[in-house]
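Participant: Below, each chain spelled out in residue letters.
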Amino acid sequence: MDGDSKERVRLVDLIIPVSAVVYAIYYVVSVRDFPFQAQITGLLLGSLLGLLCTVFFIRFVWQARRSGIRIGWIDLIGEPSIGLKRLIFAGLILLSISAVPWGGFTLTTFVFLVASFHLLGVRPLTRVLVTAATAAIAGWLFFIVLLGARFPRGPFELLMSYWI
Amino acid sequence: MDLTSIDTLSALFLHALGYWWIMIPAVLIGIVMGAIPGFAAHNTIIILLPLTLAFDVETALVFMTALYCASHLGGGIPAILLNIPGTGGAAATTLDGYAMTKKGEAAKALMLCFVASVIGGLLSAVVTLFALPVLAKAGYYIHSVEMVVIMLFGLALIAAIAADDMLKGLIAGGFGLLLGSMGADHIYAAPRGTFGFLELFDGVPLVPALVGLFAVSEAIVMIEQRFVVTDGSTNKTVSWGETLRNFAFAISRWWQITWTSLLGLLIGILPGAGASIAAFVAYQQSRLYSKNPELYGKGHPDGVVAPEAANNGVTTGTMVPLLAIGVPGGSTAAVMMIVLQYHGFPFGPRLFVESPMLAYGVIVAMAVSYILMLFMIFPMARYMSRVTVVPTNYLVPIIVAFSLVGAFVPRGFIFDMGIAFAFGILGYIARKTGYHVAAILIGIILGPLIERSFMLAMRISNNDPMVMFSSNIGNVLWVCLILTLAVPPLIERRRKRAAAASGATAG
Chain A
1 MDGDSKERVR LVDLIIPVSA VVYAIYYVVS VRDFPFQAQI TGLLLGSLLG
51 LLCTVFFIRF VWQARRSGIR IGWIDLIGEP SIGLKRLIFA GLILLSISAV
101 PWGGFTLTTF VFLVASFHLL GVRPLTRVLV TAATAAIAGW LFFIVLLGAR
151 FPRGPFELLM SYWI
Chain B
1 MDLTSIDTLS ALFLHALGYW WIMIPAVLIG IVMGAIPGFA AHNTIIILLP
51 LTLAFDVETA LVFMTALYCA SHLGGGIPAI LLNIPGTGGA AATTLDGYAM
101 TKKGEAAKAL MLCFVASVIG GLLSAVVTLF ALPVLAKAGY YIHSVEMVVI
151 MLFGLALIAA IAADDMLKGL IAGGFGLLLG SMGADHIYAA PRGTFGFLEL
201 FDGVPLVPAL VGLFAVSEAI VMIEQRFVVT DGSTNKTVSW GETLRNFAFA
251 ISRWWQITWT SLLGLLIGIL PGAGASIAAF VAYQQSRLYS KNPELYGKGH
301 PDGVVAPEAA NNGVTTGTMV PLLAIGVPGG STAAVMMIVL QYHGFPFGPR
351 LFVESPMLAY GVIVAMAVSY ILMLFMIFPM ARYMSRVTVV PTNYLVPIIV
401 AFSLVGAFVP RGFIFDMGIA FAFGILGYIA RKTGYHVAAI LIGIILGPLI
451 ERSFMLAMRI SNNDPMVMFS SNIGNVLWVC LILTLAVPPL IERRRKRAAA
501 ASGATAG
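Protein sequences appear in the order of chains A and B.
Heads up: the first sequence runs through residues 1 to 164, numbered per the numbering used here.
Heads up: the second sequence runs through residues 1 to 507, numbered per the numbering used here.
Only chain A is shown next, with the shape it has when bound in the complex (with noise of 0.2 angstroms):
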């Protein structure tokens, strides 16, 4: 059985062609008002991926005719266990990114560490505390100090623009 559904084709190869197809439409469409030679790249490279991606899904749904389909789920995002903490992961990546502007690098980068390395099941809290810690600072004094990269001012930055 198992080898079976190996042997299916999987919803989630078209991920990748869909987006691509839909993509490329949306570029030809922004173009569509442009002159030629600013259309001339959109309209080569659409119709080559289109042509390509027709190919594809031909291929597909000819395999899937012969062998059946599944979604692949599973094999897309792991376990359910795993997957869990990926997508949770993929949140707090993207939370993160969203709380710099205000948090600036370092608290962000410290929460940002907290709450991944519990997800990823590092323990006891203390190590999780002192690891995310001395990253974030090791990070805020590497990059912003010593390298002056431009990012947004937190509290912690604020605080310690006072010191030093």
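I should point out that these hints are in silico values taken from the structure, not numbers from a laboratory.
Watch out, some of these pointers could steer you wrong.
[To be verified] If we take Cβ atoms under 10 angstroms as the criterion, some of the chain A residues that face chain B in the derived model are:
1. 20
2. 27
3. 31
4. 42
5. 52
6. 59
7. 86
8. 109
9. 112
10. 116
11. 117
12. 120
[Claimed, not checked] Computed footprint of chain B on chain A; a stretch qualifies when at least three of its residues, placed anywhere within it, have a C-beta under 8 angstroms from a C-beta of chain B:
13. 9-15
14. 73-85
15. 94-107
16. 143-153
In this text, a Cβ means the ideal position worked out from N, Cα and C, and glycines have one as well.
We have chain A already, so just place chain B on it with the hints.
Facilitator: Relative to chain A, chain B alone:
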């Protein structure tokens, strides 16, 4: 200055060696910065510009060249150990370098990377020193038409790395090309496919795309593993004896190092071309002429040697246009031009007339930096592979947190961190569904460059497509490209026929 005289050469060498005190910290900074995605040499040099302006001009140039060379070497370290290239030039190194790490050969892969980088860089510096006037002319003969064909060589790599499923590989490459064509067009500055984001008018920023496709996606994949290496093989700290054997093995690839570094040097001379193109073209050519092309992508030593040697061959190449004709061949050379200008020194041919020691000294300083680098990096090869035994639950969050900084730094937009995240998700889906992320990256890097050269050629010829076949050098390159694409399948077919025939005879 008579470069055929031993006295002159030894004076230049000893003069450059006298700057060891500034080269050693520059090399260390360069290796560290090269290993962090986003902190390429020119960014670091710009950050340290106030410091370099405070030095006298010679010290400043030696500092910058040493840092620049070392950053090209540093980019290969995370590419091999974590499948995350520190620079675009090291993206091709991931293909076989990380595969070697997965096989428990991280120390060997690192040694191959270091030796190829050092010898490749050293060799191209020596060749540049003696052949500078000839090399300087190469830039005059290569125009937009030839550039299109040269970049198509790099693009041909998509077909090579997509050997497992050609259709998926081509779709990934085509998608990358279209994403790379995002942004204002080269003639009318009309925004194309930008979703209305102003931040995308200049096109997809390369560093966030690199960080996303490799670092973020790899980190999300790593969550399911306890360690980077999972198949039972281990990357222990190797003994000194093993380190020496790895060194000897790397030296035995001298021919591969030689020709790929010279290829890198030639590509480096061309304005607008760079380490990424050189590394991809060298990898593709190395695979083409290999007796075992099927081993590439599975941890083949030459798959590490070729891109690393070419990547470092580029370093002196980018200096040639600056020194010979006064036109910077890359962003780092442009910063050096600023330093020369600040100190009131001329650049181009006048530099050789007025300050020959300084002009030739820059190239010799590169050679000396590579020699120093070998002694500094050699012991590190023993221990660096230990990174792969750090548990992933510590490694993954730290990789993401710090590589996102790399995505932010080049332009200073938080938006770029979002781009890195988006490409991270794209890269993750690509990895899990069998599409090669390197193929997407090749498209993103080469897409806008090919488009620019193509549009320029068309513009010059009043939109006559035959301009693509209007130059002798271009036509020779076209023939080489067609042979590159046509010969491997023919050889493969012949091999299969021979194998089938011998099987039938044995049966």
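Participant: Should the hint that residue 52 of chain A touches chain B count as held when the rule is a Cβ pair under 10 angstroms?
Facilitator: Because about 5 angstroms separates residue 52 of chain A from the closest Cβ in chain B, which is inside the 10 angstroms limit, the hint holds.
Participant: Using C-beta distances, would you say chain B covers the region 9-15 of chain A, given that this needs three or more residues below 8 angstroms?
Facilitator: holds (count 4)
Participant: May I ask you to test the interface hint for residue 27 of chain A with respect to chain B, counting a Cβ-Cβ separation under 10 angstroms as satisfied?
Facilitator: holds, 4 angstroms
Participant: Given residue 120 of chain A as an interface hint, is the shortest Cβ-Cβ distance to chain B below 10 angstroms?
Facilitator: holds, 4 angstroms
Participant: Grab the minimum C-beta distance from residue 42 of chain A to chain B and call the hint holds if it beats 10 angstroms, violated otherwise.
Facilitator: holds, 6 angstroms
Participant: Should the interface hint for residue 116 of chain A be scored as holding, given a Cβ-Cβ cut-off of 10 angstroms against chain B?
Facilitator: With a closest approach of 4 angstroms, the residue 116 of chain A hint holds.
Participant: Please check whether the region 94-107 of chain A has three or more residues whose CB lies within less than 8 angstroms of a CB on chain B.
Facilitator: Holds, because 6 residues of the region 94-107 of chain A bring their Cβ atoms closer than 8 angstroms to Cβ atoms of chain B.
Participant: Does residue 109 of chain A pass the interface check with chain B, least Cβ-Cβ distance below 10 angstroms?
Facilitator: holds, 5 angstroms
Participant: Was the hint right that residue 20 of chain A lines chain B, CB cutoff 10 angstroms?
Facilitator: holds, 4 angstroms
Participant: Would the hint on residue 117 of chain A be counted as holding, given a Cβ-Cβ threshold of 10 angstroms to chain B?
Facilitator: holds, 6 angstroms
Participant: Quick check on the hint: residue 31 of chain A CB to chain B CB, less than 10 angstroms?
Facilitator: Interface hint status for residue 31 of chain A: holds (5 angstroms vs cutoff 10 angstroms).
Participant: When I compare C-beta atoms, does the region 73-85 of chain A have three or more residues closer than 8 angstroms to chain B?
Facilitator: holds (count 5)
Violation of the numbered hints given earlier is absent; every hint is satisfied by the structure.
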